[in-house]
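Chemist: Given the structure of chain A, go ahead and fit chain B onto it with the hints provided.
For the record, the sequence lines run as chains A and B.
Per my numbering, the first sequence starts with residue 261, numbered consecutively.
Per my numbering, the second sequence starts with residue 36, numbered consecutively.
Just so you know, these hints were derived from the structure itself, not from any lab.
A hint or two may mislead.
Here chain A is said to cover these stretches of chain B; the calculated rule only asks that three of the stretch's residues, wherever they fall, bring their Cβ under 8 Å from a Cβ of chain A [claimed, not checked]:
| id | region |
| --- | --- |
| 1 | 145-151 |
| 2 | 227-237 |
Sample of chain B residues with no beta-carbon within 12 Å of chain A, all distances over it, derived [to be verified]:
| id | residue |
| --- | --- |
| 3 | A59 |
| 4 | E65 |
| 5 | N102 |
| 6 | T114 |
| 7 | V121 |
| 8 | S142 |
| 9 | I188 |
| 10 | G196 |
| 11 | R197 |
| 12 | G201 |
| 13 | T203 |
| 14 | W205 |
| 15 | T210 |
| 16 | M244 |
Just so you know, even glycine gets a beta-carbon here, dropped at the ideal spot from N, CA and C.
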Amino acid sequence: MSIINEGLVASFVLLVIVVVEILIALYLTRGGKYLPKIRKIPGLEAIEEAVGRATEMGRPIMYTTGLGGIRDQYYYQTIAGLDILGYTTELAAKYGAKLLYFPYDPTIIPMAVDVMEQAYIRAGKPEAFDQENIQYLGGDQFAWAFGVLGAAQREQSAANIHMGPFWAESLILAESGFYTGAIQVAGTANYHQIQFFVVAADYALIGEELMAAGAYLSKDPTQIGSLWGADFAKIMVVILLVVGVILTAAGVTALNDFFAL
Amino acid sequence: MSVTVKRYIPLAITFVMGIIMVIATYFLAEGTPERYATTQLTATVDIIVATAGVIGLVVLLRHHGLNISRRGRFWKYSTITIIGVVLYLIVGLYGIATHEQHLMYASELFSWVYMNIYVHMDMTIFSLLAFFIASAAYRAFRLRSLEATILLIVGTLMLLGRAPVGATLWEGFPTIAEWLLNVPNAAGTRAITIGIAIGAISLAIRQLMGIERGYLGPER
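One chain only, chain A, in its complex shape:
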């Protein structure tokens, strides 16, 4: 009898391999000993452009982290959204632009307060931090979406940034933002909503780019190392796919049997 729960053996083995690959990459890049080259992510590079535009126009930046909270399986997208919120707030603080943040789930309000306060401290303007820029609109999907939409219309925001888990409200937010003339940067790992952001926003982060944002923006070699390790994991998955196709075509079921464990 296996000590690992039935049906999860292959999953556990793969998880261990991926974790080991990432840990090795973290070790190799620790302290900047080796700095892997990572490709540019246009969506993240565009945030500075969006903040700059808002500053020039004297209009606010609207930021949301989607329908995310800390209580569901989508929390990792919310955390990634908060990482980008910190970066965006720091830029806004440096340039003197106003950033309005609209949390959906009240559980992230205390975290957002901390993230934004930290960003203002990093920018050297702790006194400019105003908690009133975090506006809670309610915890219902469409009430929240139209609250954000209404605020964007009233404030005539120059830049809208949406980073986190989104569902049906994604297109409502992105399309209405287009009509207000705001530059829009959006990202989600909910693959069924990515196409709406790709179509309606100026820049879109696709899937894993959202999770890479924290490491990408930090420029910290160790964090970037974890992206390098994740790339090795992806190479492993591609090899497994190719081998699986060949073996299955040849009538060998060993790999299929392993994944059924």
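Modeler: Coordinates of chain B only, in the frame set by chain A:
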């Protein structure tokens, strides 16, 4: 607040809870007392959520209250918001106060307001999505680039394959639509899903090890 309280304790809690959940998922069988104990840990999240609901209410009332007192922009909307929140709160509390069964009781008036006012407004907003889809599709389908052209062709084939008129025109349209959905679309979706899963593991490792801590408070 000291750095220990503000930073190291949350990191320690994150690490320990993360490891416990991995162990529970892979090594503790369903139905065992140990597995049950770990699921009870998630009850702590419910307590946090309940507390955060109050935070949300306070933040909302403070924001709109200040806007009214300062006669800020659109203060009349703030007044409507506060009246709505307070009235519905009174309706809810009245229902609980006049019912002896349990605290989660929703009175008839409470349900009536929800079903006859809120639900209709919610559905109205949701239905606007159809128009947003049409306008977004119009912009996306314009022939500006190779990608937009491919999108236009695929979108048209999907429409013809899914709408009854397509099969009437040519019986091959539904087959093409099925193939587009099950082969190229599924391949792309799975590639994105695999990337997301590995990206999430990478992010989780950075958080569990305390390497990425941008979501925590100021380091002071």
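Chemist: Does each hint hold? Answer for all of them.
Modeler: Right, here's what the structure says about each hint:
1. Counting residues of the region 145-151 of chain B whose beta carbon lies closer than 8 Å to any beta carbon of chain A gives 0, which falls below the threshold of three, so the coverage claim is violated.
2. As drawn, the region 227-237 of chain B meets chain A at 10 residues by the rule of a beta-carbon pair under 8 Å; at three or more, the given contact holds.
3. Under the 12 Å C-beta cut-off, the non-interface status given to A59 of chain B relative to chain A is violated; the minimum distance is some 10 Å.
4. Against the 12 Å criterion, E65 of chain B falls within the reach of chain A, whose nearest CB is about 8 Å from its own CB.
5. Not every CB of chain A lies more than 12 Å from the CB of N102 of chain B, the least distance being 9 Å, so the non-interface label is violated.
6. Here T114 of chain B stays apart from chain A, with its beta-carbon at least about 15 Å from theirs, past the 12 Å limit.
7. In this structure V121 of chain B is separated from chain A by more than 12 Å, as the shortest Cβ-Cβ distance comes to about 14 Å.
8. Chain A leaves S142 of chain B outside its interface by the beta-carbon criterion, the shortest separation being 20 Å against a cut-off of 12 Å.
9. Remark: the non-interface label on I188 of chain B is consistent with the geometry, its nearest Cβ contact in chain A lying 16 Å away (cut-off 12 Å).
10. For G196 of chain B, the condition that its CB be more than 12 Å from all CB atoms of chain A holds, with the nearest at approximately 18 Å.
11. Every Cβ of chain A is farther than 12 Å from the Cβ of R197 of chain B; the closest lies at roughly 16 Å, confirming the non-interface assignment.
12. Remark: the non-interface label on G201 of chain B is consistent with the geometry, its nearest Cβ contact in chain A lying 21 Å away (cut-off 12 Å).
13. No beta-carbon of chain A is positioned within 12 Å of the beta-carbon of T203 of chain B; the least distance is around 28 Å.
14. The beta carbon of W205 of chain B sits about 26 Å from the closest Cβ of chain A, which is more than 12 Å, so the claim that it is off the interface holds.
15. Its beta-carbon lying about 23 Å from the closest one in chain A, T210 of chain B satisfies the requirement of being farther than 12 Å from that chain.
16. Not every Cβ of chain A is farther than 12 Å from the Cβ of M244 of chain B; the closest lies at roughly 8 Å, contradicting the non-interface assignment.
When the structure is compared with the earlier hints, violations turn up for hints 1, 3, 4, 5, 16 and for no others.
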